[in-house]
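Participant: Now for the letters of each chain:
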Amino acid sequence: MSPPSPAPKDQKSEDQKSEQKKSLWLQVARYSQLAFVLPAALVVGWLFGALLDKWFHTTWLYMAGIILGIVAGFVELIRTVSRDMQ
Amino acid sequence: MPEELWFTEILNRLFAGPVTALLRSLSIEPKYPRAPIPNALAMELLVFMFLVVAFLLVRSRLSADRPGALQHVFEGVEGFIQHQSHEIIGHHSEGYTPFLAALGLFILSCNLIGVIPGFESPTAVPMVPLGCALCAFVYYHTQGFKHAGVSYLKHFAGPMLFLAPLMIPIEIISHLARVLSLTIRLFANMFAGDMVTLVFFSLVPVGVPILFLGLHVGVSLLQTYIFVLLTTVYLAGAVAEEH
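Protein sequences, first through last, are from chains A and B.
When the first sequence is numbered by our numbering, its final residue is 89 and no position is left out of the sequence of numbers.
When the second sequence is numbered by our numbering, its final residue is 264 and no position is left out of the sequence of numbers.
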């Protein structure tokens, strides 16, 4: 007598559960990154602007850098969210 | 003079002269010429040596019939990372596993070495996570160029050509922000873990710090996982079939 084989339906639902668990971890990593990317993009933009200000002897490029940094942070945010909504 | 760990002291006694001479030849004046090797670098070297020895040991004892415990552990790590990168990157992910596994094992060892008395986590110093993040940054861009050639640059220009002058600086900033965010997350978590353990050790020296050491181990594992996972996600973005 061979032992009864597990029902394929149960196996499928278990596979789905483990898939969901993995994608959950992936989402945790991606979304935890967003909390850092928003301020980090601002700082990088500001540094870029300040560097350009030093090179070109101007006083306003740091502001443009900060704005670009904020935009870059939001672009990354929207990209992540829209990727997960697909 | 900064406070030196015993291993740093040995390294500085042996190599302070040549290291200072090397730095001066590169026009860098070390802050402490008699101790130019900081604790973080000494700990990194220790982790590097430990990993090389561990890999050599596994390599020398490889056996398909009777795999040892160490082989099982390394196969488990390799299998886990390969499975994860296959899920995120897709069918051509096998080539990236060695880098991701090496990065993960290095960061994990750097994080966990701080739990052993007489050592400290090099990742609690910002330069070390920055080095790891820069390695990941250079690697995923290199693989992007390898995969798509010069057309990888189109990735930075955005979907429409007339938006390119705006999109290129935004993309450059957002890619550099990834380096900064990877660095800050790892550094801040490890630094905070060390500080919390230290503060509670100074308040209640018996029993309680063990809880925080346990927390430090958990945070070490989680941060290593997130670092490798995000590197894989960035790699997947760089080598994706359609940009």
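Bear in mind the hints are in silico, worked out from the structure with no lab data behind them.
Keep in mind that the hints are not guaranteed to be accurate.
Said to hold, decoys possible - Cut-off 20 Å, straight-line C-alpha distance, at most; resulting in silico cross-link-like pairs (SDA-like, lysine to any residue):
id: 1; chain 1: A; residue 1: Lys57; chain 2: B; residue 2: Pro190
id: 2; chain 1: B; residue 1: Lys175; chain 2: A; residue 2: Lys57
id: 3; chain 1: B; residue 1: Lys175; chain 2: A; residue 2: Val78
Unchecked claim - Per label pair, the in silico range of CB-to-CB distance:
id: 4; chain 1: B; residue 1: Gly152; chain 2: A; residue 2: Val31; range: 22 to 28 Å
id: 5; chain 1: B; residue 1: Ala209; chain 2: A; residue 2: Val84; range: 22 to 28 Å
id: 6; chain 1: B; residue 1: Leu44; chain 2: A; residue 2: Ala53; range: 51 to 57 Å
As the list claims (entries may be wrong) - Derived contacts from chain A toward chain B, CB cut-off under 10 Å, selection only:
id: 7; residue: Pro42
id: 8; residue: Met66
id: 9; residue: Gly72
id: 10; residue: Glu79
id: 11; residue: Arg82
id: 12; residue: Val84
id: 13; residue: Ser85
id: 14; residue: Met88
Every value quoted in this text rests on a predicted model; they were computed, and no experiment measured them.
Just so you know, even glycine gets a beta-carbon here, dropped at the ideal spot from N, CA and C.
Participant: If a hint holds in the structure, say so; if it doesn't, say that too.
Facilitator: Against the structure, the hints:
1. A:Lys57 to B:Pro190: The given pair, whose Cα atoms are some 18 Å apart, holds under the 20 Å limit.
2. B:Lys175 to A:Lys57: violated (30 Å)
3. B:Lys175 to A:Val78: The hint holds at about 17 Å.
4. B:Gly152 to A:Val31: 22 to 28 Å: Hint holds: Cβ distance 25 Å, inside 22 to 28 Å.
5. B:Ala209 to A:Val84: 22 to 28 Å: Roughly 24 Å apart at Cβ, these two residues keep to the hinted range, so it holds.
6. B:Leu44 to A:Ala53: 51 to 57 Å: violated (28 Å)
7. Pro42: holds (8 Å)
8. Met66: violated (14 Å)
9. Gly72: A:Gly72 check passes; min Cβ-Cβ to chain B is 6 Å, inside 10 Å.
10. Glu79: holds (5 Å)
11. Arg82: holds (9 Å)
12. Val84: violated (14 Å)
13. Ser85: Violated. Min distance 13 Å.
14. Met88: Where the cut-off is 10 Å and the nearest Cβ of chain B is about 17 Å from A:Met88, the hint is violated.
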